[in-house]
Structures are given as C-alpha cells and as structure tokens.
Amino acid sequence: MKEQDEDWTMVIKPSSGLFDLQLKEVWRYRDLLQMFVRRDFVAVYKQTILGPIWFFLQPLFTTITFTIVFGKIAGMSTNGVPPLLFYMAGIVGWNYFAECLNTTSTTFIQNANIFGKVYFPRLIMPLSIIVSNLLKFGVQLILFLVLLGYYIIRGADVQPNIYLLLVPFLVLLMAGLGLGFGMLISAMTTKYRDLKFLVGFGVQLAMYASPVIYPLSTLPEKYKIYIAANPMSGIIEAFRFAFLGSGTLNWNYLIYSTLFTLVIFILGVITFNKVEKSFMDTV
Amino acid sequence: MSNTVIRVENLSKQYRLGELGTGTISHDLNRWWNKVRGKEDPYLKIGEVNDRTTKATSEYAWALQDINFEVKQGEVLGIIGKNGAGKSTLLKLLSRVTAPTTGTIKAKGRIASLLEVGTGFHEELTGRENVFLNGAIMGMSKAEIRSKFDEIVAFSGTERYIDTPVKRYSSGMRVRLAFAVAAHLEPEILIVDEVLAVGDAEFQKKAIGKMQDVSRGDGRTVLFVSHNMAAVQALCTNGLILKNGTVDNFGEINKMINHYIDDNGNVDKTFKEWQQGSGPGNSQIELTSVSIVDENFQRKEQFYLDEKIFISIKFRINEPGLKINFSLSLYGKGEEYILSSPSINDPLYRVPLDRGIYEAICIIPSSLFNEGTFYLSILLVNNQNRIITQLDKILSITYIDDGKNRGNYFGHWSGLIRPNLCWNTKKINF
Chain A
45 MKEQDEDWTM
55 VIKPSSGLFD
65 LQLKEVWRYR
75 DLLQMFVRRD
85 FVAVYKQTIL
95 GPIWFFLQPL
105 FTTITFTIVF
115 GKIAGMSTNG
125 VPPLLFYMAG
135 IVGWNYFAEC
145 LNTTSTTFIQ
155 NANIFGKVYF
165 PRLIMPLSII
175 VSNLLKFGVQ
185 LILFLVLLGY
195 YIIRGADVQP
205 NIYLLLVPFL
215 VLLMAGLGLG
225 FGMLISAMTT
235 KYRDLKFLVG
245 FGVQLAMYAS
255 PVIYPLSTLP
265 EKYKIYIAAN
275 PMSGIIEAFR
285 FAFLGSGTLN
295 WNYLIYSTLF
305 TLVIFILGVI
315 TFNKVEKSFM
325 DTV
Chain B
13 MSNTVIRVEN
23 LSKQYRLGEL
33 GTGTISHDLN
43 RWWNKVRGKE
53 DPYLKIGEVN
63 DRTTKATSEY
73 AWALQDINFE
83 VKQGEVLGII
93 GKNGAGKSTL
103 LKLLSRVTAP
113 TTGTIKAKGR
123 IASLLEVGTG
133 FHEELTGREN
143 VFLNGAIMGM
153 SKAEIRSKFD
163 EIVAFSGTER
173 YIDTPVKRYS
183 SGMRVRLAFA
193 VAAHLEPEIL
203 IVDEVLAVGD
213 AEFQKKAIGK
223 MQDVSRGDGR
233 TVLFVSHNMA
243 AVQALCTNGL
253 ILKNGTVDNF
263 GEINKMINHY
273 IDDNGNVDKT
283 FKEWQQGSGP
293 GNSQIELTSV
303 SIVDENFQRK
313 EQFYLDEKIF
323 ISIKFRINEP
333 GLKINFSLSL
343 YGKGEEYILS
353 SPSINDPLYR
363 VPLDRGIYEA
373 ICIIPSSLFN
383 EGTFYLSILL
393 VNNQNRIITQ
403 LDKILSITYI
413 DDGKNRGNYF
423 GHWSGLIRPN
433 LCWNTKKINF
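From first to last, the protein sequence lines stand for chains A and B. All the letters of the first sequence, read from the start, carry residue numbers 45 to 327 under my numbering. All the letters of the second sequence, read from the start, carry residue numbers 13 to 442 under my numbering.
Source of the hints: derived by calculation from the structure; they are not laboratory data. Bear in mind the structure is a predicted one, so any value in this text is a computation, not a measurement. Do not take every clue at face value.
Said to hold, decoys possible - Computed list of lysine-lysine pairs in BS3-like fashion (alpha-carbon distance at most 25 Å, straight line):
no., chain 1, residue 1, chain 2, residue 2
1, B, K416, A, K321
2, B, K120, A, K321
3, A, K321, B, K118
4, B, K120, A, K57
5, A, K318, B, K222
6, B, K179, A, K90
7, A, K57, B, K47
8, B, K154, A, K90
9, A, K68, B, K118
10, B, K84, B, K222
11, B, K255, B, K118
12, A, K57, B, K255
13, A, K57, B, K84
14, A, K68, B, K154
15, A, K57, B, K222
16, B, K84, A, K318
17, B, K47, A, K235
18, B, K120, A, K68
Based on the sequences and whatever the hints tell you, model everything.
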C-alpha cells in the first residue's frame with residue numbers, strides 16, 4: 045500500500061500554508077478567467093439601448109460635473125491645464141482603482157452561490173475583476189486620449205512626456221492596490237458584514253483625500269503630508285504628470301505607494317487564501 | 013482492478029450553531045490566544061453526536077465525525093442517509109467547496125460534482141455562452157468545450173434555443189443544458205446529487221444511461237446521493253450509510269439498502285400500547301395496543317412495495333356479550349383520503365364476545381400502494397353503528413421502492429397506489 049500513497053493527485057486537508065497559492069491551479073483555469081471577463085463585459089450592458097457607450101458616458105459626465113462644480117463654481121486651480129483634461133486624467137485613474145476595490149471586496153458574498161457548489165481556484169474571481177476593469181479602463185483611456193489630442197491640436201499647454209513609459213507600472217500599482225484592499229475586505233466581510241458599509245463611502249471619501257480634483261502643489265504644506273499618506277496620491281500625480289506635464293513627479297511618493305501596494309497586496313492574498321477554504325461556513 | 017481512487021481518513025466537519033455575530037470575535041480571539049500558546053482549539057472539543065431532533069447543548073455541532081472509507085476505481089458508491097445525516101456535507105468536502113475541520117481526503121484524478129447543476133449560469137447570456145462559461149467553471153478548457161459542443165447541445169436537446177438568453181428558458185431546459193455540460197466533463201470521479209428529481213422521464217433515462225456509461229464503460233468512479241432507493245439500487249455497486257454524521261454501515265449495495273430500511277429509528281408510529289385502564293374505549297371494551305408488523309410479526313418502520321402488512325389491534329373485553337367491529341381508514345401524506353375498510357368479512361363481525369383479550373388482524377395486500385408514507389386511522393364501532401372510539405392517524409406505514417417491477421425506468425413514479433395490473437399483448441391479425 046505504501047507505494048500507492050505517493051500518487052494521490054489531490055489531497056484535501058483542513059488548512060494549508062499561508063503562501064500556498066496554488067498558482068498552478070490558477071493557470072490551469074485561465075480559460076475560466078477569460079470566460080468571466082467576457083461575461084462581465086458582455087452581460088452588463090445587455091438589454092440597454094446605449095450598450096458599451098455607457099463606458100464613455102460615466103467618466104465623461106463625472107468630468108463635466110467636476111469641471112462645473114470645482115473648476116467654475118469653486119474656482120479651484122488646475123495648474124493651468126484645461127480643466128476637462130485635468131479632471132478626466134484623475135477620474136479615469138481613480139475609477140480603475142475604485143472599481144477594482146469595490147468589486148473585489150464583494151467577491152465572496154456576491155459569488156457565494158457559485159462558490160457553494162463548485163470548486164475552482166477562488167483567486168480567479170478577483171483576477172477576472174481586475175482584468176475586466178482593465179478593459180474598461182482601456183476604453184476610458186482612449187476617450188481621454190481623444191480629448192487630449194483635441195486639446196493639443198487646439199494648442200493647449202500640455203506636454204505628454206517620457207514618463208508615459210511609467211504608465212503601465214502605475215496601472216499595475218492601481219490594480220495591485222485595489223486588488224489587495226479588495227481581497228482583504230472581501231475576506232473579512234464573510235464574517236463581519238460591518239465592513240461592507242464602510243467600503244461604499246470610504247472609497248468615495250478617499251477620493252477627496254487624493255489629488256483627483258486638485259493638484260498636490262496647491263495644497264498648504266501642513267495638509268500635504270496627510271494627502272500624500274494616501275497611497276493613491278503619488279500614483280494619480282505621476283499619472284497626470286506623464287500625460288499632461290503638469291504638477292510634479294515626486295519619486296518619494298511613488299516609492300511609498302509601491303511599498304504600500306506590496307504590503308497590502310501580500311496581506312490581501314494571505315487573508316483571502318486563508319478564508320477561501322472555509323468561508324462557506326460563515327458567509 | 014482494485015485501485016483505490018478515493019481514500020477518506022478520520023474526516024470531520026464542525027459547524028457553529030445559531031447566529032454568527034456577537035461572541036464571534038471573542039471566540040476568534042480566544043481561539044487565536046490558545047493557538048499562540050500552543051494549546052488545542054478550545055471549541056473543537058465540545059460537540060456531540062449530531063442528532064437534529066434533540067436540542068444541542070453546545071454552540072458547535074459536528075456535521076460529520078470521523079468518517080473513513082475507500083472507493084475503488086469504477087465503483088459506483090451510493091451515499092444513503094436521512095436528511096441531516098451529513099450526506100451533503102460529505103459531498104461539499106469532496107468537491108472542495110468547503111474544507112474539513114480535521115482529517116484528509118485523498119483522491120486520484122479530477123473530481124467534478126453535479127451538486128445542483130447549472131451553477132454559474134448567467135441569465136443574460138445565451139445558451140451557447142453559458143455552455144462555455146459553465147464548462148469553464150467545471151474545469152474544462154475552452155478547446156475541450158469546443159470539441160464537445162455539438163455533442164453537448166444534442167444531448168440537451170436545446171438546439172433551437174442555443175442562441176437565446178438563458179433567462180427565456182424553461183426550468184427543464186435549463187437543467188437539461190446544465191446536465192449536458194456536466195455529463196460531458198469526463199472527470200475521473202463524478203459526484204451526483206439528486207439530479208434525478210428534475211427533468212422529464214425521457215431525459216432522466218438519458219441521464220441515468222450517461223451515468224452508467226461513465227462508470228461501466230469508461231471505468232470511472234461515481235458517487236451518487238439520492239433518496240430514490242430504486243435508482244440507488246439499480247446504479248450502485250456499494251453503499252455508504254450515514255447516520256447523525258457518522259458512518260453507520262458500508263458495503264455491498266443490497267445489504268446496505270436492507271440495513272437502511274430495517275433500521276427502525278422511530279417506533280412510535282408503528283406501535284402504540286396502553287396501560288390497563290388507560291386505553292381508548294369505554295367500560296365494556298378497552299384497546300391495549302395497535303401495531304404494524306410484517307409477515308414474521310416483526311415491527312418495521314419501512315416496507316417494500318411487495319410486502320404484506322399486518323395491522324394488529326389488541327383489545328380487552330370487560331363485559332360479555334358486546335358486539336363490535338373495526339374500521340380502518342388510510343390517508344396519504346397530503347391528507348388525501350384513500351380508503352376505508354370495515355371488518356365486515358371478519359368471522360367475529362358483530363358477534364357477541366366473551367370476556368378476555370383479543371387480537372384483530374387486518375392484512376394490507378402486497379403491491380397495492382406506491383412508495384411514500386400513509387397514515388392509518390382506526391375506528392371502533394358497536395352494533396348500533398355508534399362510534400366507541402376513534403384513533404386519528406395513529407399509525408403510519410412507509411413504503412420503499414426496491415426497484416422491482418420498474419423495467420428501465422428510474423424516475424419518479426406518480427400515484428398513491430401502484431398495483432400491478434394485468435397486461436397482455438397478442439397478435440390478432442396478419
């Protein structure tokens with residue numbers, strides 16, 4: 045019997061190591077990830093008249109609202125950049141992070157139905173959310189680029205620069221941050237629903253504590269430190285700087301954001317991994 | 013071939029009873045504190061045999077406790093047990109939906125479950141899109157699904173609607189499509205839970221046939237959970253009986269089914285006895301006991317369809333010369349009034365009786381009723397047609413289908429009664 049014991053292909057145990065992510069399993073299920081992304085993309089706007097145009101309308105209207113409220117009525121500075129461009133750069137970036145966080149944070153509760161019946165690596169779910177949001181982000185980025193092109197032709201004072209090479213890295217940071225926070229919260233909400241309430245307005249409030257609607261440079265020194273503590277601040281600033289050439293690119297902020305993202309991401313993965321095995325009992 | 017493909021060792025699963033919320037944090041902290049100090053989890057110790065009928069004394073319950081068994085390749089294992097015995101928990105652990113509290117499951121090959129088919133079907137997507145999505149959820153690759161797509165659609169019989177959103181499907185169509193995907197999974201180990209309850213007869217036949225192909229033809233292993241003893245007996249080679257979260261018995265399927273049926277856990281409904289002076293009746297006559305027994309005068313809770321049932325009514329006559337008779341009424345589970353049978357053909361029907369103890373026996377012929385539970389009322393009447401006593405639904409009889417006289421049909425058999433009518437086909441013309 046002894047020699048037989050070695051060729052079990054699967055062993056189900058009470059719990060596994062903290063970092064036992066079963067990435068091999070995740071890779072085996074990559075087609076499922078693709079299906080989920082497709083589902084998210086196709087299903088959302090079925091039976092709507094405008095369909096995928098909603099992807100454009102949402103950031104467009106937010107930008108216009110911000111331009112009117114913060115730019116025109118409140119008269120806040122945009123560092124000389126056309127307000128439409130200024131706000132949209134912030135919104136597109138922030139939206140990606142916020143959507144990733146919001147959707148991932150409900151992974152377990154939203155999918156309890158599926159998770160309760162079949163096994164697949166649970167990590168697939170948040171990963172698919174990140175990817176489908178990335179597509180959405182891509183679409184919105186195109187809208188932004190069109191707007192940018194229009195302003196450049198009109199001769200506005202914007203200089204897209206070499207730091208555009210940094211953008212993929214910035215997107216990675218936003219994804220990592222949203223995923224990390226999201227997984228952490230989703231794992232904890234299976235037991236303590238209180239967090240669910242916090243996330244909704246927490247993300248909303250965090251936006252005001254980031255340079256989405258104002259440039260970091262216009263802040264008084266004593267507030268700057270608090271805003272810079274928001275890990276998204278450095279990312280949004282760098283993102284805007286790359287496309288518009290306005291504001292500052294502060295490497296310290298960026299390094300801080302990177303470290304913060306790493307810590308949150310690892311923490312998120314660990315908790316998620318720990319909870320996924322038995323969350324069905326508490327959800 | 014005696015290759016073990018599943019080995020379950022000391023498997024247990026604990027659940028917390030009651031509401032989660034207050035106290036959860038303190039328990040978690042306590043647990044963590046004990047862990048830090050290298051001590052055992054304090055909440056794992058409390059716990060008792062999981063009997064749903066009694067109120068628990070602790071907040072934690074063992075849904076499964078110390079389960080051990082092995083399944084060999086090509087075997088079809090029937091998992092039998094009453095509601096709450098732990099069948100679903102066992103399947104959930106096997107399909108990795110939730111993790112065990114202690115113990116291990118070792119398996120060779122892919123395990124796929126049909127725990128309620130159609131998981132992950134998205135209302136807005138078309139049948140075609142859902143086949144791909146559902147297949148991927150079940151662990152198939154895109155290429156695999158594509159190669160079997162035509163087969164899946166043909167099996168489900170939904171060709172015409174394949175490009176219609178699933179939300180427009182009837183529930184039967186949905187189940188058929190979902191089952192078709194699952195049936196083409198080709199895992200080494202397949203878990204099937206009560207799927208037979210849905211779909212029409214034709215589809216059930218297909219589904220059963222597919223399950224048989226899977227085990228017999230391809231040497232794959234099937235774990236089958238059902239309350240339908242006929243299907244279990246016809247399909248399974250071995251049986252595992254669960255009772256209150258523990259393994260009650262494990263072995264050859266016919267033995268297991270007999271064991272399960274003979275296991276009379278609840279005697280109350282097949283037997284009732286009264287102390288002298290407290291029985292129903294009057295000063296002249298008093299009932300002492302009523303019971304349901306088989307041919308060997310053994311009390312049983314469940315009977316096969318082709319068994320005769322004896323209803324015994326014992327009574328004491330205190331005043332000589334009394335003339336009485338009984339009448340029996342039977343009701344179905346849904347309160348349907350099925351029949352009443354007075355004891356007119358009894359030799360002692362309204363004949364003056366001496367003082368003493370008597371036993372009246374009524375025989376319910378074999379192969380009369382369909383499977384299910386029937387309730388029995390007894391009426392005691394004197395010769396002026398006055399009711400002396402009336403015992404409403406005092407006994408119950410449960411019939412179980414052992415799979416005989418079914419032919420190749422394993423689905424639900426409708427109707428309250430199920431006598432074997434006479435059939436005869438002859439050629440009458442050339």
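Inset, instruction - Hint by hint, work out which the structure violates, then give me just those numbers in ascending order. - result: Failing hints, ascending: 1, 5, 15, 16.
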